[in-house]
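Use these hints to put chain B onto chain A, whose structure you have.
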Amino acid sequence: MKQSWFTIEENKPLTSSVYRMVLSGDTSAITASGQFVNIKLDGFFLRRPISVCDYNDSTLTILYKVVGKGTEKMATLLPADKLDILTGLGNGYDTAKSGNTPVLIGGGVGVPPMFRLAKNLVAEGKSPIVVLGFQTAAEVFYKEEFEALGVDVHIATADGSVGVKGFVTDVVKSLSAYTYFYTCGPEPMLRALSDCTTTSGQLSFEERMGCGFGACMGCSCKTKYGNKRICKDGPVLEKEEIIW
Amino acid sequence: MVNNLNTKVTLSGLTLDNPVIPASGTFGFGYEFAELYDINILGSFSFKGTTREPRFGNDLPRIAECTSGLINSVGLQNPGIDKVISEELPKMRQVFHKPVIANISGFSVDEYAYSCEKIDKEDQVGIIEVNVSCPNVHHGGMSFGTSPEAAAEVTRAVKAVTTKPVYIKLSPNVADIASIAKACEDAGADGISLINTLMGMRINLKTQKPVIANKMGGFSGSAIFPVAVRMVYQVYEAVNIPVIGMGGVSSAEDVIEMMLAGATAVQVGAANLIDPFACKNIIEDLPTVMQKYGITDLKEIIGGAHK
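Protein sequences appear in the order of chains A and B. Using the numbering used here, the letters of the first sequence map in sequence onto residues 1 to 244. Using the numbering used here, the letters of the second sequence map in sequence onto residues 245 to 551.
Don't read these hints as lab results, they were simulated from the structure. Cβ atoms here follow ideal geometry from the backbone N, Cα and C, with glycine treated the same way. Do not take every clue at face value.
The calculated SDA-like cross-link candidates involving lysine to any residue, where the alpha carbons are at most 25 Å apart (straight line), are [stated by the list, open to error]:
1) B/Lys450 <-> A/Gly68
2) A/Lys228 <-> B/Lys335
3) A/Lys222 <-> B/Asn458
4) A/Lys2 <-> B/Ala278
5) A/Lys228 <-> B/Lys459
6) A/Lys73 <-> B/Pro454
7) B/Lys453 <-> A/Arg208
8) B/Lys459 <-> A/Phe44
9) A/Lys222 <-> B/Gly324
10) B/Lys459 <-> B/His383
11) A/Lys222 <-> B/Asp303
12) B/Lys450 <-> A/Val66
13) A/Lys73 <-> B/Asp519
14) A/Lys40 <-> B/Phe521
15) A/Lys73 <-> B/Ile447
16) A/Lys12 <-> A/Glu206
17) A/Lys228 <-> B/Glu276
18) A/Lys40 <-> B/Asp519
19) A/Lys2 <-> B/Lys335
20) B/Lys450 <-> A/Arg208
21) B/Lys524 <-> A/Ser4
22) A/Lys222 <-> B/Tyr275
23) B/Lys335 <-> A/Thr223
Covered by chain B, per the in silico footprint, the following chain A stretches (three or more residues, Cβ under 8 Å) [what the hints assert, rightly or not]:
24) 36-48
25) 200-210
Chain A on its own, in the form it takes in the complex (with noise of 0.2 Å):
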């Protein structure tokens, strides 16, 4: 964990809810796919985690969509504002059990940690399916950047507005083979998919957060494998341990 100044690079809509933002600033402590940074803003208590969509050495890519009121400040800020954020929270996801043909599963704002967990799959030679699911057309993002990657893109919306009418656990029902799973996404999302995936995989959760790095058991569950901290145990379980 880190904690540093970043500069708003961009910060501009996707879709009507949706917003991303690219800063620049100290990445080195961002290690994995899937981890979360926790951005504290004027006027407002408690950080906001919001999970990483990309980053390089200098730059950190976020999406995140306009749900209350720390996150409709954030789609005020301007490029050249500063945040104080803390960086490389959480475990991420761990890529050396995806086999070669690893499905990756995001829902609605649960999207944006698959795209740097594809570009790293792809970096290691594997061949990863990506399913997006959304309300709507309108509401689809990332489509195109996923595809740039080279990698075999599904989406299902609620009302079949745009690709499978229906939702992401049909794509994935109707999937031949895949070797994982990753997943991202609503609660019930999580749990359609742990029923009806045929293999083991890894699951990213939500949680209302204190701290964000594991010091106020604000955010504990209880899995197989014993009480985790969903900030720093976490956000992504296993499979196997997740107790529904």
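Showing chain B alone in chain A's frame:
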């Protein structure tokens, strides 16, 4: 650097390099923070509230944000006194070399006495801090800290089985904090810690239900600082034993204000959760702020506002 300034304070014979102490429940057993900076710069720290049995704590969500603060309802998640002694203390010794404050909770007088007697035998422990904000399971769940008699009963039971200084950590959710502090002093307490969190609630407008699974929780953060200063001031007038002041402290100025109200040492709680370097920054800022206000020896300002 600023020379000739003295930040040392003494709690019941235990001299601290400075009065800054992370508060229980916001600093774990120190490891997360030891990855970030050398925590031996701290005066001491109060470790995670420990009970006789291991506890998972309350259902999620346990956290609700507020203006200038947060509500928590963790529910005393801890590995239990035996594991704290066998696993946490040896690990803590690797990262913290000063005497630590052992924060002990219980749900019956016997449980307090049991855990305090065990922790009293540990060399690393400098002070035992007894949290009397827990519900008394034998008396309808009313908190020990809400009556002078119950708080005194816990104090007597703990003092009877311990040799180290015992500080009673008081709840602010009472009508007359001074009478409870006095009852603890009369029962043999070596010092008073206050304040614990204020009971609070937030309701989610979308679900129209309390945000926290346990409905209510403890409100802390900079919003409660004035309440804490007032209560420390009142308790300082009521007792002749040292007071550790806490509640919303987040700057070196707050430390000085708390000491002027009557605190010998000061704990920092919620601030650690939003800024993991909060205590380090406060300690580094202290000399400059002391100079600004013409203070050369911090211990001389204790209770200064009463003169």
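Against the structure, the hints come out as follows:
1. B/Lys450 <-> A/Gly68: 11 Å, holds
2. A/Lys228 <-> B/Lys335: 19 Å, holds
3. A/Lys222 <-> B/Asn458: Holds - the C-alpha atoms of B/Asn458 and A/Lys222 are around 17 Å apart, at most 25 Å.
4. A/Lys2 <-> B/Ala278: 13 Å, holds
5. A/Lys228 <-> B/Lys459: OK: A/Lys228 and B/Lys459 at ~23 Å, within 25 Å.
6. A/Lys73 <-> B/Pro454: Satisfied, since the Cα-Cα distance of roughly 24 Å is no more than 25 Å.
7. B/Lys453 <-> A/Arg208: The given pair, whose Cα atoms are some 15 Å apart, holds under the 25 Å limit.
8. B/Lys459 <-> A/Phe44: At roughly 22 Å apart (the allowed maximum being 25 Å), A/Phe44 and B/Lys459 satisfy the hint.
9. A/Lys222 <-> B/Gly324: 16 Å, holds
10. B/Lys459 <-> B/His383: 22 Å, holds
11. A/Lys222 <-> B/Asp303: 10 Å, holds
12. B/Lys450 <-> A/Val66: 15 Å, holds
13. A/Lys73 <-> B/Asp519: Between A/Lys73 and B/Asp519 the Cα gap is close to 20 Å, so the pair holds against 25 Å.
14. A/Lys40 <-> B/Phe521: Roughly 14 Å between the alpha carbons, so the hint for A/Lys40 and B/Phe521 holds.
15. A/Lys73 <-> B/Ile447: 21 Å, holds
16. A/Lys12 <-> A/Glu206: Distance ~24 Å between A/Lys12 and A/Glu206 Cα, so the pair holds.
17. A/Lys228 <-> B/Glu276: The given pair, whose Cα atoms are some 15 Å apart, holds under the 25 Å limit.
18. A/Lys40 <-> B/Asp519: 9 Å, holds
19. A/Lys2 <-> B/Lys335: 22 Å, holds
20. B/Lys450 <-> A/Arg208: 16 Å, holds
21. B/Lys524 <-> A/Ser4: 15 Å, holds
22. A/Lys222 <-> B/Tyr275: This hinted pair holds, its Cα atoms lying about 21 Å apart.
23. B/Lys335 <-> A/Thr223: Answer holds: B/Lys335 to A/Thr223 is near 24 Å, not above 25 Å.
24. 36-48: holds (count 5)
25. 200-210: holds (count 4)
Going through the hint list in order, the structure satisfies each hint without exception.
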